[in-house]
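Asker: Using the hints, position chain B against chain A.
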Amino acid sequence: MGEAVLQQGGVEVVGAAGLTREDALRALDRKRVLQTRSAGRWLRLLWLLAGPGALVMLGENDGPSMVSYATAGATYGIGFFAPFILLTFLMAFVVQEMTVRLGAATHRGHAELIFQRFGPFWGYFAMGDLVFGNVLTLVTEFIAIQAGGLYFGIPPWLSVAIGVALVVCSLALRRYATWERTLMALAVFNLLFVPAALFAHPSGAALAHAVATWGPLPGGITNGFMTLVLASIGATVTPWMIFFQQSAVVDKGLTTADVGHGRWDTGIGAALAAVAAIATLVAAAPLFENHVDVSSFASGADFATALRPLLGSTGATLFALGMVEAGLVAAMTISTSSAYALGESIRHRHSLNLGFSQGRLFYGAAIVSTLVAAGIVLIPGAPLLAMTLTVNVIATLLMAPALLLLLLLVNDREIMGRWANGWRTNLAGGTIVGAIALVGAAYGVITVFPDFLGK
Amino acid sequence: MIHDPELASALEPGQLSAAAEHPLPRRKLGRGVLGLLILLRVYVVIAIPIVGYAFVHALLTPQ
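First to last, the sequence lines map onto chains A and B.
The numbering of the first sequence is this note's numbering, which starts it at 1 and goes up by one.
The numbering of the second sequence is this note's numbering, which starts it at 456 and goes up by one.
If we strip away everything but chain A, and leave its shape as in the complex, we get:
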């Protein structure tokens, strides 16, 4: 049976075992996976099973994340933040690996599991956090798209309109596998920050020294430094990532037999994203060396403009293009994460394999959230850079309760069986929850008492 038959007329497909269109498309993908596994082709299998991990990691290298890394590089150089970014991606891997197991073992999305296992009280809290964080983050993705466009002289309304149109076009694919591969192809351009960094002629010795010593840290620990620490954590571990990857694992149809490849997918995604993140830090470091004050920058476009005399026109152009890509891919993944979570919460059908007639609510939620975010960005005089950094701080603060729910679910042996967490993963997960809560508390203290650490 060919795929064309399945898509004929966009009608509901029902097989002997009661397959819906969504089921049948997923079954086609699974059939390929099973055939490849029985042929013993490991790399081909990795290619077929890759996607959720790579997309979540490169998707989280989004507009606000890249602006956070650039601000860190321009304010503090590479000293402390290069190793710190590596650590945050290690944290991200630990967290996201749990979502792979959870999705593969239960075949249910994250919101679905929270509602069913812990009840609607905690379910609505988790959804409230997710929606709040997602709407704010989606706004900042359009800030990045707009900022990148401004660098090339494109008016904000046009950049934002093109961004919205591309998000809607990606949803119009109505096929998870096609959507995933399209986004993966786009996400590769996240690595544009690597050649941009090379134009800064970075010193390998300085980078190695920074990773080994976590220094230098000019100016010491201040309120601004703590904001950037929180923003950098929020740039790598956020609630939408947990919800998105688990839903994507389920929509793709991963089973427990695929967990090993799911881990590779997540690990490779984390490594690529860490490279792009550190490259952004390195690319912006010449601003620090030349004492350029970035506090008055209105958006990511100002970074590209300020970097032009330091990196050259090509380097600055790559930086601006990278910003556009970062915003665009994240806008596609985050809007989809909201749509998945909404469908799971109200037990409505939720899949990128749905046709439009069955998936009105799913696609509608993604499109409406995109339009709302795009509209907010076009408000004249909106403080875009301040919003961008604040969104990452909020994401970090919302992460602690989200992580606790994740740990509870992944330790739930009734649903996880032998795929439940071992003590090592629990220790790592518990440490991450504690560390994030403590850094957030420290931020609160120095915000309320600004003289606590000196100016």
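Calculated from the structure, these hints are not laboratory results.
Among the hints, a few may not be true.
[What the hints assert, rightly or not] Here are the simulated EDC-like pairs of lysine to aspartate or glutamate, each with C-alpha atoms no more than 20 Å apart in a straight line:
no., chain 1, residue 1, chain 2, residue 2
1, A, K31, B, D459
2, B, K483, A, E414
3, A, K31, B, E467
4, A, K31, B, E461
5, B, K483, A, D412
In this text, all values refer to a predicted model and were calculated from it rather than measured experimentally.
Answerer: Then chain B, alone, in the frame of chain A:
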């Protein structure tokens, strides 16, 4: 309508969209877990307004 049992066999029963119509049973949360969940909720309720304050303060403070 397509009938293809071979294709259907590529999916585990739990992967069928119909499986989602059967919710998992509710889990009873212990006191310790409930306490932690409430503690982190209070943490978020306190922390978010602080971030809001810091955001507004930064906007109103001249550079």
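Asker: Run every hint past the structure and note whether it holds.
Answerer: Hint by hint, here is what the structure shows:
1. The suggested pairing of K31 (chain A) with D459 (chain B) holds, with an alpha-carbon distance near 12 Å, which does not exceed 20 Å.
2. For the proposed pair K483 (chain B) and E414 (chain A), the alpha carbon gap of about 12 Å is at most 20 Å, so the pair holds.
3. Between K31 (chain A) and E467 (chain B), the direct Cα distance comes to roughly 12 Å. Compliance with the 20 Å bound is thereby established for this hinted pair.
4. A threshold of 20 Å between alpha carbons decides the hint, and for K31 (chain A) with E461 (chain B) the separation of about 9 Å falls inside it, so the pair holds.
5. With a C-alpha separation of about 11 Å, the suggested pairing of K483 (chain B) with D412 (chain A) holds against the 20 Å cut-off.
Checked against the numbered hints given earlier, this structure breaks none of them.
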